[in-house]
Amino acid sequence: MSEAVVTHEHAPEVEEAGSVPGVNNRKFGMWLFIASEVMFFTALIGMFLAYRGQPSAVDFHSRLNIPLTAVNTFVLLTSSLTVVLSLAAAQAGNKRMLTVWLLATVILGSAFVSIQAIEYSRLGADGFVLATSVGTSTFFVLTGFHGLHVIIGVLWCLVVLLRAARGGFSKENNVGVELFGLYWHFVDVVWIILFTVIYLL
Amino acid sequence: MRVAHVKPMTYVGVFVVLAVVTAVEVFISGAGLDRTATVAILLALATSKALLVVLFYMHLKYDTKWYTYAMLFPVFMALVLTAVVFVHGLRS
Numbered sequence: 001m002s003e004a005v006v007t008h009e010h011a012p013e014v015e016e017a018g019s020v021p022g023v024n025n026r027k028f029g030m031w032l033f034i035a036s037e038v039m040f041f042t043a044l045i046g047m048f049l050a051y052r053g054q055p056s057a058v059d060f061h062s063r064l065n066i067p068l069t070a071v072n073t074f075v076l077l078t079s080s081l082t083v084v085l086s087l088a089a090a091q092a093g094n095k096r097m098l099t100v101w102l103l104a105t106v107i108l109g110s111a112f113v114s115i116q117a118i119e120y121s122r123l124g125a126d127g128f129v130l131a132t133s134v135g136t137s138t139f140f141v142l143t144g145f146h147g148l149h150v151i152i153g154v155l156w157c158l159v160v161l162l163r164a165a166r167g168g169f170s171k172e173n174n175v176g177v178e179l180f181g182l183y184w185h186f187v188d189v190v191w192i193i194l195f196t197v198i199y200l201l
Numbered sequence: 001m002r003v004a005h006v007k008p009m010t011y012v013g014v015f016v017v018l019a020v021v022t023a024v025e026v027f028i029s030g031a032g033l034d035r036t037a038t039v040a041i042l043l044a045l046a047t048s049k050a051l052l053v054v055l056f057y058m059h060l061k062y063d064t065k066w067y068t069y070a071m072l073f074p075v076f077m078a079l080v081l082t083a084v085v086f087v088h089g090l091r092s
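Protein chains in written order, with our numbering: chain B, 1 to 201; chain P, 1 to 92.
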């Protein structure tokens, strides 16, 4: 284990009967949910890849705005940083920085969805909507479902933020922040894959 | 329960790597390299970024391995499916 990590034992919650030692059942449940989400997005990415060679899809992909999306990728990566910093603040018992980083996450997540909305409206103005061709259908369904995940993440972050502002987390009890973080980072990982598969390849 | 406390500077360091690699990706996609090389490099860079987030931000590097085990099967299935579709796309 590296020097950057300090691992110690403490018991914020009573360990549930029958649970595997060292496993937090809520976190394990979150990982199982993420496992199902991997399959969900794999199906959509597979669909996108299966049709990306169609002439209408090739023409559509050449019109995608890479600089705008690169900025948006940067926004989402930054939001993942603010989420881990919020968890670090929670673990340090720093309520003020916990709320600051969560608020920053809400702003960055909202910015991501807003920039995606700008991208969609520009494509729409050029005549590219969901039903235009198989290329636009696979694109909007895939990126749309990801955007929906970001919107849900922003709402979840607001709930965590409200709880944090009311002093609902402490040094010992901050699994609620970590569960939200796992979801948020997963949505970030999906975007890392989508940015390459859809825009760069 | 084991709780990993990672130093904030480690998180910032990972972020800097992610941001720089993203810039490199955008550069490579427009650099006009050989198509096969471009695809191989970009997929490798995206996989590296995803692994960085999963290991450090999602703490799989530090947490109990049971969480990692839960991910092995779906990730294996995801790789099989995308590989099949990818190869199919190359042939058609």
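Possibly wrong hints are sitting among the right ones.
Said to hold, decoys possible - Dumping the calculated DSS-like pairs for lysine-lysine here, alpha-carbon to alpha-carbon at most 30 Å:
| id | chain 1 | residue 1 | chain 2 | residue 2 |
| --- | --- | --- | --- | --- |
| 1 | B | Lys27 | B | Lys95 |
| 2 | B | Lys27 | P | Lys7 |
| 3 | P | Lys61 | B | Lys95 |
| 4 | P | Lys61 | B | Lys171 |
| 5 | B | Lys171 | P | Lys7 |
| 6 | P | Lys61 | B | Lys27 |
| 7 | P | Lys61 | P | Lys7 |
| 8 | B | Lys27 | P | Lys65 |
| 9 | P | Lys7 | P | Lys65 |
| 10 | P | Lys7 | B | Lys95 |
| 11 | P | Lys65 | B | Lys171 |
These are computed hints drawn from the structure, not numbers from a lab.
Note that the structure is predicted; figures quoted are calculated from it, not measured.
Now for the hints, and whether the structure bears them out:
{"no.": "1", "hint": "Lys27(B) <-> Lys95(B)", "in the structure": "22 Å, holds"}
{"no.": "2", "hint": "Lys27(B) <-> Lys7(P)", "in the structure": "21 Å, holds"}
{"no.": "3", "hint": "Lys61(P) <-> Lys95(B)", "in the structure": "26 Å, holds"}
{"no.": "4", "hint": "Lys61(P) <-> Lys171(B)", "in the structure": "21 Å, holds"}
{"no.": "5", "hint": "Lys171(B) <-> Lys7(P)", "in the structure": "15 Å, holds"}
{"no.": "6", "hint": "Lys61(P) <-> Lys27(B)", "in the structure": "15 Å, holds"}
{"no.": "7", "hint": "Lys61(P) <-> Lys7(P)", "in the structure": "14 Å, holds"}
{"no.": "8", "hint": "Lys27(B) <-> Lys65(P)", "in the structure": "12 Å, holds"}
{"no.": "9", "hint": "Lys7(P) <-> Lys65(P)", "in the structure": "21 Å, holds"}
{"no.": "10", "hint": "Lys7(P) <-> Lys95(B)", "in the structure": "17 Å, holds"}
{"no.": "11", "hint": "Lys65(P) <-> Lys171(B)", "in the structure": "24 Å, holds"}
Going through the hint list in order, the structure satisfies each hint without exception.
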